[in-house]
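Undergrad: Using the hints provided, position chain X relative to the given structure of chain S.
Protein chains in written order, with the working numbering: chain S, 1 to 457; chain X, 458 to 644.
Honestly, the hints are just simulated from the structure, not real lab data.
The beta carbon of each residue, even a glycine, is placed where N, CA and C say it ideally should be.
Some hints could be false.
Claimed, not checked - Covered stretches of chain S (chain X as the covering partner; in silico rule of three or more C-beta atoms under 8 Å from a C-beta of chain X): (1) 9-21; (2) 136-147; (3) 159-167; (4) 173-186; (5) 195-205; (6) 211-222.
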Amino acid sequence: MAEPSRSGVTYDYVTRTIARTLGAPARGYFLLLGAAVFLLAIGIVTLLYLLRYGLGLAGYSHPVYWAVFITCFVFWVGIAHSGTLISAILFLFRSGWRTAVYRTAEAMTVFAVMTAGLFPLIHIGRQWYFYWLVPYPNERGLWPNFKSPLIWDEFAIGTYFTVSTVFLIMGLIPDVAAVRDLATGWRKKLYTLTSLGWTGTNEQWRHYTRGYLYLAALATPLVLSVHSVVSWDFAMAIVPGWHATIFAPYFVAGAIYSGVAMVITLLVPIRRLFHLEELVTHHHFENLAKLCLLTGSIVGYAYVCEYFIAWYSGNPNERAAFWYRAFGPYWWASWTMIICNAFLPLLLWFKSVRTNLTALFVISIFVNIGMWFERYVIIVVSLAGEPYAPWANAVYNPTWADWGIMAGSFGWFFMWFLLFVKNFPAVSISEVKEVLAPPRRQAARSGRGAGGGGQHA
Amino acid sequence: MSTHVRLPLPKPLRELFHPPATPGVLGVFGHLDATVEAIHKLRAGGHTGFTVYSPIPRHELEDALDQPVSPVRMFTLVGGIAGCAVGAWLTLWMSHDWPLVVGGKPIGAIPPYVVIMFEMTILFGALSTILGIVFNAVFAARRLGTIAWDPRFTNDKFGVFVPSGADTAASVESLLKGAGAEEVRRG
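Same shape as in the complex, but just chain S (with noise of 0.2 Å):
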């Protein structure tokens, strides 16, 4: 069991609690919905110029063409990576804790997938032809090469769109149907159509538990291999600073630490705004440090080892590039990804900054902060200083194109994520009750159930 103070903590009072966050909505939300909105609409009309004028709008120079778009894009993958860690990897790791946390987390994931989505379609310039990346037969009898890694993101991202999707509505299935059973009014006639007649039988249960377990074991898989084919889109190329064979783990425990720190910055607010105090308490945001903390030590070694690889390989491209992004024009951004991402964390040692929650939150946006500049530092960094080709060096400014759209994109994410904690239940009813004592004849004795804590401690 996480916690033996939450013996006090009834089936009756989960559901309850949790029911709870799905009342009329306080003033502070439509505040934060309407923020949401706004950059939302900023993103909107950004993208109306974009599509109006061209790309030439954003601050695309030669030979810098994957700038802030593909850094939002890789950004938010990342982001939405630590949701499936917590929701499938510590699922079948059978960690109590992740009950409390992984809606939230998932919910996340999906929202950010959908936004990281929109970039490529951005950066393609013609939206409208966005159709021509899947393979459909057409009358010029083309097929997209499959030797590229962009066509290998597209199926990994796809598919990782609609599996995250999926696995966060069969979580939310048995409650919906919880809190379907409490609703009244219009919740209850949406509750109803969205529970999909889950009634609680021992058949739905048998083939839910086993579908679900199958489910976290092929999602499983499929995060390690989203970033790491994310990551192959440029070390497949032969560009100094992107070819390199450290790059599938590196970025995929840069994405699980993005992730985690996005969902501490998201969880703080929440747990106040919705009273979840009982529910989620300061240990899940403990646990939640430590990956950060692990998750951020890796990542800080893989800085290291970048440097010294290029270094030690004696080529003198891979110096060159490696000289320039630390001390070159963009020293600002090489800087403030190592402060924020493998510095600043290290605070996190420490118990005391791992139960404070304002620290966590404050830690949580310098490293959300930090991994936005190590993608930009890889992708823009790497091309502006290509040494192969001195003559075209130029140093690319993002213009307000590439900063309305990046904004839209958060809007956008937050939209969504604030329709859903309002809408759906944001704390998993069903998986909290779990790590539970079950209510037995002979509680007061034993003082706890005997099959709750052994499995899930």
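TA: Quick look at chain X alone, frame taken from chain S:
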């Protein structure tokens, strides 16, 4: 006490999702061990085809019911293998249909196609798992018929429904009460 909202459905779907009612006895339990005891007593008394409701899956209930492993795993396996085959077919056939040499590599190059085969394995495996859950749950529900239920079963109560005619209902009622049911009613 059923508070289901009935959704207007076309006739074939209505028959599938709202099968004819099965008469029987419903016991509501507040405790897990009482529910387990009821299951053991019912099985000892030769009852089969009864349904257990619970807000969460519990191994105690699974052990007491001793059901076979869900056939969903076959759906996952077949879906996964089919996805892998589709991935291989898609990449190899399309490459040969438009035989363009890229990077001096063979037309049908296996290593890069493994990525597509892998992703399709996961995609098809996951979707067929969902289909497996839906098929099995819907057909189980159809086999059981429309049975008595209580909205507290998704919150904190366990339940046992035993299909029984007028002749056996009284003995089932006393059995469920003896096991510790908080409430017993005919539905």
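Undergrad: Would you check chain X against the stretch 159-167 of chain S, counting CB to CB pairs closer than 8 Å, and say if three or more residues qualify?
TA: Answer holds; 5 residues pass the 8 Å Cβ test.
Undergrad: For the stretch 9-21 of chain S, do three or more residues have a beta carbon lying closer than 8 Å to a beta carbon of chain X?
TA: holds (count 4)
Undergrad: Between the stretch 136-147 of chain S and chain X, are there enough contacts, at least three residues with CB-CB distance under 8 Å, for the coverage claim to hold?
TA: Result for this restraint: holds, n = 7.
Undergrad: Has the stretch 173-186 of chain S got at least three residues whose CB is nearer than 8 Å to a CB belonging to chain X?
TA: holds (count 6)
Undergrad: Count residues of the stretch 211-222 of chain S with a Cβ under 8 Å from any Cβ of chain X, then say if the count reaches three.
TA: n = 7 at 8 Å, threshold three: holds.
Undergrad: Counting residues of the stretch 195-205 of chain S that have a beta-carbon nearer than 8 Å to any beta-carbon of chain X, does the count reach 3?
TA: It holds: at least three residues are needed, and the stretch 195-205 of chain S offers 9 whose Cβ sits within less than 8 Å of chain X.
Checked against the numbered hints above, the structure violates none of them.
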